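Novice: Okay, here's what each chain looks like letter by letter:
Protein chains: 2
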Amino acid sequence: MTFQPFLEAIGKQVDNTTYGANPIELYEPIQYIMSLGGKRLRPLLTTLSAHLFTDDWHKTLKPAVAVEVFHNFTLMHDDIMDCAPLRRGKPTVHEKWNANTAILSGDVMLVNAYELLLDVEPACLPKVIKRFNRTAAEVCEGQQFDMNFETRTDVSQEEYIEMIRLKTSVLLGFAMELGGIIAGADDATTQALYDAGVSMGLGFQLKDDLLDVYGDPEKFGKQVGGDIIANKKTFMLIEALLLAEGETKEQLHYWLTQEQGTYDTATKVAAVTDIYTQLGIDKIAEAKANAYFAHGFEVLQNLPVAETRKKPLLDFAEFLVGRES
Amino acid sequence: MTFQPFLEAIGKQVDNTTYGANPIELYEPIQYIMSLGGKRLRPLLTTLSAHLFTDDWHKTLKPAVAVEVFHNFTLMHDDIMDCAPLRRGKPTVHEKWNANTAILSGDVMLVNAYELLLDVEPACLPKVIKRFNRTAAEVCEGQQFDMNFETRTDVSQEEYIEMIRLKTSVLLGFAMELGGIIAGADDATTQALYDAGVSMGLGFQLKDDLLDVYGDPEKFGKQVGGDIIANKKTFMLIEALLLAEGETKEQLHYWLTQEQGTYDTATKVAAVTDIYTQLGIDKIAEAKANAYFAHGFEVLQNLPVAETRKKPLLDFAEFLVGRES
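These protein sequence lines map, in sequence, to chains W and A.
Residues 105 to 429 in my numbering are what the first sequence lists, from first letter to last.
Residues 105 to 429 in my numbering are what the second sequence lists, from first letter to last.
Note that these hints are calculated values from the structure, not bench results.
Don't take each hint at face value.
One copy or any two copies: either way a pair holds, since identical chains are not told apart in the list.
As the list claims (entries may be wrong) - The calculated lysine-lysine pairs, modelled on DSBU-like cross-linking and capped at a C-alpha distance of 30 Å, are:
#, residue 1, residue 2
1, K336, K326
2, K326, K387
3, K163, K326
4, K387, K143
5, K415, K387
These numbers were taken from a predicted model, which means no experiment stands behind them.
Please build the complete structure, drawing on both the sequences and the hints.
Specialist: Structure, rendered in structure tokens:
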């Protein structure tokens with residue numbers, strides 16, 4: 105994997121990052137959540153994007169970790185809001201400690217993200233902070249839309265795509281843009297990197313929704329079928345509600361209206377998955393995800409940069425398309 | 105009041121500040137908490153500190169409001185942690201909406217504070233963000249110490265002072281320093297402003313603790329006696345525990361160990377207040393607060409700035425010393 109050196113450098117940078125010491129109740133949860141791992145997707149995108157323009161991509165490591173710290177801050181707070189017991193197979197911060205600790209540690213994590221972002225040339229700091237602020241606000245907006253959708257039954261595909269664009273994709277866009285800004289790319293190029301990141305982010309989330317239904321439980325980190333159990337209004341469910349007719353439609357509505365605790369979850373997951381497959385939702389969702397990935401690739405391929413410089417980033421993008429976990 | 109024009113300009117700036125529009129669930133609570141008022145102490149300190157060096161203090165209005173937005177963000181999150189039902193006599197955000205909304209609106213408020221801070225000359229942005237980051241982390245540390253103290257019985261005066269320094273005073277210090285930085289003051293001067301702000305912040309908090317016990321219920325915004333009911337380990341309680349002997353000591357321990365709901369709160373407040381007065385705690389606390397204020401005044405008086413430029417800031421500081429609410 106041509107992106108392996110980048111991943112290793114990020115791993116070391118994360119391990120060497122300190123967030124504060126005292127009081128320990130505030131800082132221990134930050135070390136904890138950052139140590140749970142994950143794909144380090146966002147800092148990889150930052151360093152790989154910087155590498156398009158410079159061999160000195162190491163100088164983006166601290167800002168790249170800022171994006172990862174921000175991402176984990178959103179996970180810590182989202183997990184409180186979603187009452188999630190597990191994160192990457194380990195107890196969430198509010199479960200291991202308590203909700204107050206998760207609120208306050210998360211707050212100081214957001215401040216830590218800004219502190220790590222300071223490690224850029226002063227000349228590009230205003231742009232970096234401005235773009236990060238916009239992105240961070242949009243991620244919060246996406247989370248609020250996601251929560252609003254829980255109690256709505258009329259969420260459209262456009263609304264769902266806009267929600268995941270805000271909640272997930274803009275941060276991938278910013279991660280790539282940030283690498284370009286620090287490496288001195290011009291405005292048109294950093295905008296192209298942002299667009300590529302957002303598009304691949306949409307593909308990434310749609311793929312995540314697919315894996316939530318069709319993933320191999322041995323490989324997928326989360327509970328397969330979790331979205332189906334929660335009636336989460338994903339692209340797949342919204343599409344199924346549009347396409348289903350007759351008995352299939354009745355079956356789908358039956359499962360959507362059963363109260364939790366009154367049915368066997370494995371039966372529901374199998375039944376709804378079966379409906380999706382009958383309706384060809386898997387193929388439709390895969391095609392939609394691939395279209396977003398393809399647009400991202402196209403933008404990257406059109407960048408006026410030598411192919412050798414692009415290779416690690418394109419390799420990583422291909423890895424994302426083919427991932428099973 | 106020579107600081108009245110500053111207060112009016114801040115009021116207008118707060119009224120004209122927008123935080124975002126959609127989704128409304130995210131942004132309405134921000135408008136709400138910012139509209140509840142308050143003394144606007146922190147932005148006043150920023151503008152008054154800038155006025156020490158320039159007539160063009162209006163250019164500090166947006167960053168000054170950033171400090172106020174940050175302060176209100178901490179109130180929104182602290183109120184969740186403290187299960188506080190009221191803020192400035194109105195329902196808290198987590199009561200009026202819910203805890204998830206208060207978490208997420210607070211998060212985006214912190215981002216909004218950084219966005220407002222961007223309205224400074226690019227040359228001073230790195231310093232502004234660096235100092236703000238440090239201050240913001242310290243405020244979170246102070247809140248964590250405050251929560252830790254709830255379950256401890258051996259909090260010392262030094263620990264209490266350090267906790268209020270972090271939770272309250274450093275933000276007043278930063279508010280003053282920020283005004284100096286934007287107005288182009290040199291490092292020694294901005295450091296002096298910070299020190300003056302921290303010192304007055306300590307005086308301010310000790311005065312707040314005093315008013316919590318001895319304030320006029322008609323004038324004091326909060327419930328008089330709240331700290332006594334909650335057994336909050338303030339400077340006053342810690343001092344009383346050090347000084348009380350014999351029957352007074354027994355009485356104090358009696359009230360500290362009664363379970364909430366098993367006694368009449370007004371009787372407890374009256375009894376503990378009486379013990380404080382017998383022990384002269386009011387005089388001791390007032391002397392301590394005044395010593396911190398005096399140090400702050402001294403630092404300000406030693407600044408190499410014309411007296412006329414200092415007058416509004418000194419007038420405001422005197423207003424703080426004499427406040428009854």
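Novice: At most 30 Å between CA atoms: does that hold for K387 and K143 within a copy, between copies, both, or neither?
Specialist: Intra 26 Å, inter 60 Å, cutoff 30 Å: intra-copy only.
Novice: When no copy is named, should K415 and K387 be tagged within, between, both, or neither for a Cα gap of at most 30 Å?
Specialist: within (29 Å within a copy, 73 Å between copies)
Novice: Within, between, both or neither: how does the pair K336, K326 come out at a Cα-Cα threshold of 30 Å?
Specialist: within (15 Å within a copy, 43 Å between copies)
Novice: Regarding K326 and K387, is the shortest C-alpha distance of 30 Å or less found within a copy, between copies, in both, or in neither?
Specialist: Answer is within: at 22 Å inside a copy they meet the 30 Å cutoff, but 61 Å across does not.
Novice: Can you give me the call for K163 and K326, within, between, both or neither, at a CA distance of at most 30 Å?
Specialist: neither (34 Å within a copy, 50 Å between copies)
Checked against the numbered hints above, the structure violates only hint 3.
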